[in-house]
Amino acid sequence: MDTILELKHVKKNFKKKEVLKDISFTLHAGEILAITGSNGTGKSTLLRMIAGILTPTEGEIITPKSIKKGFVPDQFPSLRFNAENYLTYMARISGLNEKTTQLKISEWLKLFGLYSVRKQKMEHFSKGMLQKVNMIQGLIEQPDLLILDEPWSGLDVTTLKDWQQVMKQLKKENCTMILTSHQKELLDATADRIIVLEDGKVISDKSNESIRNETNFATIKISKHASSIEKLKKISGVLYVEERNNHIHLVIESNQSNPILSALMKQQYTILSFQNDNDTGNESSIHDNEQYISN
Amino acid sequence: MYHLISYTLKDYIQSYRFFPPFVVLLLCIIIQYGSSTSHVMESYAVTLIYMFFVSSWICYTLFGSENTIQKQITLVHCKNNTSLYYASKILSAWLLCMVIGVFVVTYPIIFNTFHEQVTLYALTVALLSHFCIALIAISCTIFFTSTLLNKMSYGIGGILFVAVLSLAQGALFEQFSFYVYVSWIIPPSYTLMDVVMHAGDTSMVKFSITLLLSFIYCVLFIVVYLSVMKRKIL
Numbered sequence: 001m002d003t004i005l006e007l008k009h010v011k012k013n014f015k016k017k018e019v020l021k022d023i024s025f026t027l028h029a030g031e032i033l034a035i036t037g038s039n040g041t042g043k044s045t046l047l048r049m050i051a052g053i054l055t056p057t058e059g060e061i062i063t064p065k066s067i068k069k070g071f072v073p074d075q076f077p078s079l080r081f082n083a084e085n086y087l088t089y090m091a092r093i094s095g096l097n098e099k100t101t102q103l104k105i106s107e108w109l110k111l112f113g114l115y116s117v118r119k120q121k122m123e124h125f126s127k128g129m130l131q132k133v134n135m136i137q138g139l140i141e142q143p144d145l146l147i148l149d150e151p152w153s154g155l156d157v158t159t160l161k162d163w164q165q166v167m168k169q170l171k172k173e174n175c176t177m178i179l180t181s182h183q184k185e186l187l188d189a190t191a192d193r194i195i196v197l198e199d200g201k202v203i204s205d206k207s208n209e210s211i212r213n214e215t216n217f218a219t220i221k222i223s224k225h226a227s228s229i230e231k232l233k234k235i236s237g238v239l240y241v242e243e244r245n246n247h248i249h250l251v252i253e254s255n256q257s258n259p260i261l262s263a264l265m266k267q268q269y270t271i272l273s274f275q276n277d278n279d280t281g282n283e284s285s286i287h288d289n290e291q292y293i294s295n
Numbered sequence: 001m002y003h004l005i006s007y008t009l010k011d012y013i014q015s016y017r018f019f020p021p022f023v024v025l026l027l028c029i030i031i032q033y034g035s036s037t038s039h040v041m042e043s044y045a046v047t048l049i050y051m052f053f054v055s056s057w058i059c060y061t062l063f064g065s066e067n068t069i070q071k072q073i074t075l076v077h078c079k080n081n082t083s084l085y086y087a088s089k090i091l092s093a094w095l096l097c098m099v100i101g102v103f104v105v106t107y108p109i110i111f112n113t114f115h116e117q118v119t120l121y122a123l124t125v126a127l128l129s130h131f132c133i134a135l136i137a138i139s140c141t142i143f144f145t146s147t148l149l150n151k152m153s154y155g156i157g158g159i160l161f162v163a164v165l166s167l168a169q170g171a172l173f174e175q176f177s178f179y180v181y182v183s184w185i186i187p188p189s190y191t192l193m194d195v196v197m198h199a200g201d202t203s204m205v206k207f208s209i210t211l212l213l214s215f216i217y218c219v220l221f222i223v224v225y226l227s228v229m230k231r232k233i234l
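Read top to bottom, the protein sequences are chains E and Y. Each step along the first sequence adds one to the number in the working numbering, with nothing skipped, and position 215 is 215. Each step along the second sequence adds one to the number in the working numbering, with nothing skipped, and position 210 is 210.
Treat the hints as calculated values from the structure; they're not laboratory data. Careful: at least some of the hints might be erroneous.
[Claimed, not checked] Partner residues aside, some chain Y positions facing chain E, computed with beta carbon under 10 angstroms: (1) 7; (2) 10; (3) 14; (4) 67; (5) 68; (6) 72; (7) 77; (8) 78; (9) 183; (10) 184; (11) 232.
By construction, the Cβ of each residue, glycine as well, lies at the ideal position given by its N, Cα and C atoms.
Take the sequences, apply the hints, and build the full model.
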């Protein structure tokens with residue numbers, strides 16, 4: 001397998017603050033690598049360095065010279081351009097010719113349901129629509145390495161489903177993807193490999209399959225409560241919290257079930273269901289993800 | 001490069017940040033030519049001062065007009081070629097200033113405010129000198145934009161300091177003897193203004209040499225800026 005990206009002992013400091021500490025890993029063609037970890041662990045900084053926007057303080061980031069990179073940042077500004085104009089500029093700056101540009105833009109705008117609003121100024125777009133334009137600009141050049149920072153934030157369920165199809169298609173075309181996300185279920189469904197960053201260091205670098213085999217998760221469904229989701233996320237052993245259909249779903253480490261359940265009861269949450277993924281095997285968690293995407 | 005310039009200009013024009021400097025310039029010109037009829041080259045020497053400030057203003061706002069996230073996206077699209085990216089911004093600013101330069105030079109001709117006929121030579125000297133002073137202003141201002149200085153007050157202060165040093169070079173030469181040793185680094189705006197002011201007595205060769213030296217000065221400053229931006233660790 002061809003190596004698309006190699007990081008050798010990469011460090012990044014902002015003034016005196018060490019944001020990333022000795023990061024090393026290799027990425028092969030066609031691989032989907034997810035980087036996860038809590039806020040402020042340096043995920044976005046790492047992606048920006050890979051995209052070439054930031055320079056490492058120490059270490060090396062090696063990519064083949066001819067490689068085409070696509071970058072989808074986590075926040076996309078509401079610009080004064082109309083969507084079609086903006087995408088045309090980005091494509092032409094990338095070096096695409098006029099004919100290919102028009103073809104590609106129409107194709108992507110139609111796929112993401114933005115064709116009818118292509119002449120509208122992006123400053124009137126919703127967050128989800130902006131995120132779609134953001135993704136199109138990243139994909140327009142047909143990149144060999146696609147860098148996605150929180151690509152699923154602000155997307156509706158239908159677009160998420162479309163986006164997963166796009167990712168599958170890109171993988172078939174040997175496009176390498178590196179992404180960050182907190183959405184564990186989506187990472188499980190898409191990534192080949194997951195790196196966990198904590199305090200600027202890689203604490204885990206494993207294939208998704210091996211994670212599935214070795215980690216046991218449980219899902220707790222609770223009633224909606226005035227308490228914030230952020231508060232729930234802080235409970236030790238809680239991996240992921242999401243509000244869905246007037247309920248709150250918590251993905252937890254199954255060995256932490258008892259203390260988490262008692263903590264929830266103490267906080268007067270109504271526990272609607274508890275499912276240990278071991279009960280039904282790994283297949284059930286994959287099925288859940290698909291169900292989540294199609295909901 | 002063409003698409004990058006076109007994108008930069010469109011983004012800047014849509015931001016309307018060119019509006020305040022243009023309005024100020026328009027007011028200055030209306031006041032200058034409104035009171036009485038004027039001499040051709042003396043008037044153009046004065047408008048060169050306006051041109052310097054307006055070009056600096058436009059350059060400063062153009063360099064800060066692109067959204068930070070969008071700047072990162074644009075840089076990735078131009079293959080992280082920072083030289084290409086910043087060179088396109090410099091050229092965009094210069095192109096815009098050239099349009100303004102044409103307006104400044106043709107305004108008194110259109111409104112017939114000169115009490116003498118403008119010769120083709122005078123018109124050529126006026127246009128080229130306005131284009132040249134715009135480039136001088138831009139090549140100095142780039143070092144004070146948000147790309148290198150985070151604080152706006154430092155940037156504006158720096159630009160004004162350079163402008164005063166540059167435009168008041170003649171007076172400073174007389175006041176301070178040491179000034180002659182540092183004059184080579186000061187933007188050649190005063191020399192250019194002096195040549196334009198005395199264009200009637202100056203040969204085309206002398207004007208061309210002044211223009212050429214000013215251009216070389218600008219290119220050197222721009223090259224230094226681009227290499228600084230290439231090495232700048234973001």
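Inset, instruction - Would you pick out the hints that fail for this structure and give their numbers low to high? - result: As far as the earlier hints go, 9, 10 are violated by this structure, in ascending order.
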